[in-house]
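Trainee: Could you build all of it, start to finish, from the sequences and the hints given here?
Protein chains: 2
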Amino acid sequence: MPRRVAILAVGDELTAGELVDTNSAWLARQVRARGHLVTGFAVVGDELPAIRDAVLAALREAELLLVTGGLGPTGDDITRDGVAAALGLGLAERPELVERLAAFYAARNIPLNAGSRRQAEMPAGATVLENSVGTAPGFLLHRDGRAVACFPGVPAELQVMAPPLLDAQLPAGAGLTRTLHLCGLAESELGEQLKDLMDHVRAQRHDARLGITAKQGVLTIALRGTDTRAVAALETEVRARVGTLIFGAGEETLASAVVSLLARRREAVTTAESCTGGLLAGALTSVPGSSEVFHEGVVVYANAAKTARLGVPEALLAAHGAVSEPVALAMARGARERAGATHALAVTGIAGPGGGTAAKPVGTVCFAVAGPDGERALTRHWTAARDEVRGRAVNLALELLRRRIGEP
Amino acid sequence: MPRRVAILAVGDELTAGELVDTNSAWLARQVRARGHLVTGFAVVGDELPAIRDAVLAALREAELLLVTGGLGPTGDDITRDGVAAALGLGLAERPELVERLAAFYAARNIPLNAGSRRQAEMPAGATVLENSVGTAPGFLLHRDGRAVACFPGVPAELQVMAPPLLDAQLPAGAGLTRTLHLCGLAESELGEQLKDLMDHVRAQRHDARLGITAKQGVLTIALRGTDTRAVAALETEVRARVGTLIFGAGEETLASAVVSLLARRREAVTTAESCTGGLLAGALTSVPGSSEVFHEGVVVYANAAKTARLGVPEALLAAHGAVSEPVALAMARGARERAGATHALAVTGIAGPGGGTAAKPVGTVCFAVAGPDGERALTRHWTAARDEVRGRAVNLALELLRRRIGEP
Chain W
1 MPRRVAILAV GDELTAGELV DTNSAWLARQ VRARGHLVTG FAVVGDELPA IRDAVLAALR
61 EAELLLVTGG LGPTGDDITR DGVAAALGLG LAERPELVER LAAFYAARNI PLNAGSRRQA
121 EMPAGATVLE NSVGTAPGFL LHRDGRAVAC FPGVPAELQV MAPPLLDAQL PAGAGLTRTL
181 HLCGLAESEL GEQLKDLMDH VRAQRHDARL GITAKQGVLT IALRGTDTRA VAALETEVRA
241 RVGTLIFGAG EETLASAVVS LLARRREAVT TAESCTGGLL AGALTSVPGS SEVFHEGVVV
301 YANAAKTARL GVPEALLAAH GAVSEPVALA MARGARERAG ATHALAVTGI AGPGGGTAAK
361 PVGTVCFAVA GPDGERALTR HWTAARDEVR GRAVNLALEL LRRRIGEP
Chain G
1001 MPRRVAILAV GDELTAGELV DTNSAWLARQ VRARGHLVTG FAVVGDELPA IRDAVLAALR
1061 EAELLLVTGG LGPTGDDITR DGVAAALGLG LAERPELVER LAAFYAARNI PLNAGSRRQA
1121 EMPAGATVLE NSVGTAPGFL LHRDGRAVAC FPGVPAELQV MAPPLLDAQL PAGAGLTRTL
1181 HLCGLAESEL GEQLKDLMDH VRAQRHDARL GITAKQGVLT IALRGTDTRA VAALETEVRA
1241 RVGTLIFGAG EETLASAVVS LLARRREAVT TAESCTGGLL AGALTSVPGS SEVFHEGVVV
1301 YANAAKTARL GVPEALLAAH GAVSEPVALA MARGARERAG ATHALAVTGI AGPGGGTAAK
1361 PVGTVCFAVA GPDGERALTR HWTAARDEVR GRAVNLALEL LRRRIGEP
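Sequence lines, in order, name chains W and G.
Read in order, the letters of the first sequence are residues 1 to 408 in my numbering.
Read in order, the letters of the second sequence are residues 1001 to 1408 in my numbering.
Hints were generated in silico from the structure; no laboratory data involved.
Warning: the hint list may mix true and false statements.
Residues from chain G shown here face chain W by an in silico Cβ test under 8 Å; the list is partial [to be verified]:
no.	residue
1	T1022
2	G1072
3	T1074
4	T1177
5	H1295
6	G1297
7	V1323
8	D1387
9	I1405
For glycine and all other residues, C-beta sits at the position ideal for the given N, C-alpha and C.
Mentor: The structure is reproduced here in structure tokens:
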């Protein structure tokens, strides 16, 4: 039977919107990957009554509550106090934790002050969850057949500390989530292609689900259920309909798909970016091992740089403007030749908020790809904010190359 | 009096952890900026009972509930149904919305299918919130002196639709949040410098708060309260202690601070990146108007590119390795000369997960800055995952330049 898991994130910076809570989504993926159910998330500020009430509410719904944040050394870190209050427990300092903290800070020539020392306080009866990466240990408490596990809010620490606890608390094999990703189709078009399947799945009501989400031009189809054969059959049906568009599954990204394809073909790509300003190269190099297929790229933000680095003729820039398909093609050609790469991707556009004309409004982006099989350019107009335009442009550029080199 | 506002995000993709909920944080910033209180966030899946229960729970705590997600054209979009169920209302199609949808899809040569048409259904008595950017309209419902407003989950649509509603529902001037940002200090060190202030604020208990958070090497001090004079006094005290380290406030980022400083000095910077792979240039160009101070940059991922583009001597690479201060300095020098920029920033490191040696473990990053006042290099070792190392490296590189050119 899948266990029911609730997730709680604590921090004034979260409820104030200054920091986006990515920990809950990360934990949810870990829970789903082990086949268990997430009942929902809650986010509360650094206030003892709010933390206490959220812990109690979550334990009414779920058998396991995962809490992140508020374990650090500063005075607003009061998750320990809130969880202890919810379970009616006191806090006490653990001498072995004080020793470890003292050693950690000493190694970094930072004095162990009173705030840091609070990290050695634990609710009575708690099992300490060791933190090999940072200073604040986590803890696990049991109560009436239910469990609460608390972790630091620093993602790098959480992501090292949580897996062993989750493995112990959530036996694998209770269910399945599959996600399939594609790019270059409108969400409503995909929805139409899968509508009868979605209705069918919903009508059957055996805890299977089919959902679609969109992010910066990438659509994700999620297949979820506790019956692994039903999920596999659903995937076969989805692939029969839109399989040629699907670039990857699960943790795969467009960048990792492109890097894998290039590596298999022993080819390399280079980038020439204007409006994306380095983010296309940044996406490619986010993939471990990308150095095999990506050796260099340029950010040619100014027209003079487009001419000096890539040989884009000044006359071409004057005749068509920097945001044009002829200039995108010249950028791709120049970059490919200069870097000696198999393929080149070029992006030039108006990300906004300023700039833009009636003919080329803000959100206009021109793309070009050049390679051994020739070259191609295209233009898109997006109604979206600067960051969104840049993000979509990165994805569409990667998809352009993928369609060139992916096996059908 | 500040109003109490709850935020609910709906989507299986959120509770499955496939997509991070950034909308709630964005909405919370809007609420706080108008001086009102966020009681907390909740996230639930696309299930009618879960949505209904979350709406009812939120309305017990808050006077206004903001809901995002689940208004789109696919079959799993059932927020309309869940909210209507919570308030005991029926759904009915609005003819004027059908017309508008038909026109929207016709302009894009997409047929108006049954799924898309569901976006024209509204709970009885709802006020329609128009969507000028996408297809799904939002809606506002009142009940017993409380209100529920529902918006699409697409950030670009939410961010256009929500502000007018928030202006109407949340009169400004009820309170204040100030955030101050700095880089280059450990969180515990900053906590110690502000500890007595934090304790003092907490002891006073008049809804003022002082919090510290860390993200990729940037520390944010948040001052929050309903008494604007108390918040201003707190800011003065904080600035007296750590003012020289503070690079900005509110929406300012390290990149925007650096771009502003350069613009004021009429200077330009160029970038030479290895392990950050374009993200440093990407951060600078995330700032509207950055084209005035950033004209070009290079991503020299391979050693051959470091030599060919920046003139880094092969002998230097052989003697010290690509991840070394001499190579970082040679990269910065080469980039500065080539681009004719006032300043150059260079980053070379081992982001992991592969690579690394005992002397240069994964997480080792070397930085250099070169400019009219000479050059400087430094090295950092971070224990963190690939993305985190790259993010911290981008921030520290920007901070290095800021310290050079910022007025004390």
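Trainee: If a hint holds in the structure, say so; if it doesn't, say that too.
Mentor: Here is what the structure says about each hint:
no., hint, in the structure
1, T1022, "holds, 5 Å"
2, G1072, "holds, 7 Å"
3, T1074, "holds, 4 Å"
4, T1177, "holds, 6 Å"
5, H1295, "holds, 4 Å"
6, G1297, "holds, 4 Å"
7, V1323, "violated, 13 Å"
8, D1387, "holds, 7 Å"
9, I1405, "violated, 20 Å"
Hints 7 and 9, counting from the list given before, are not met by this structure.
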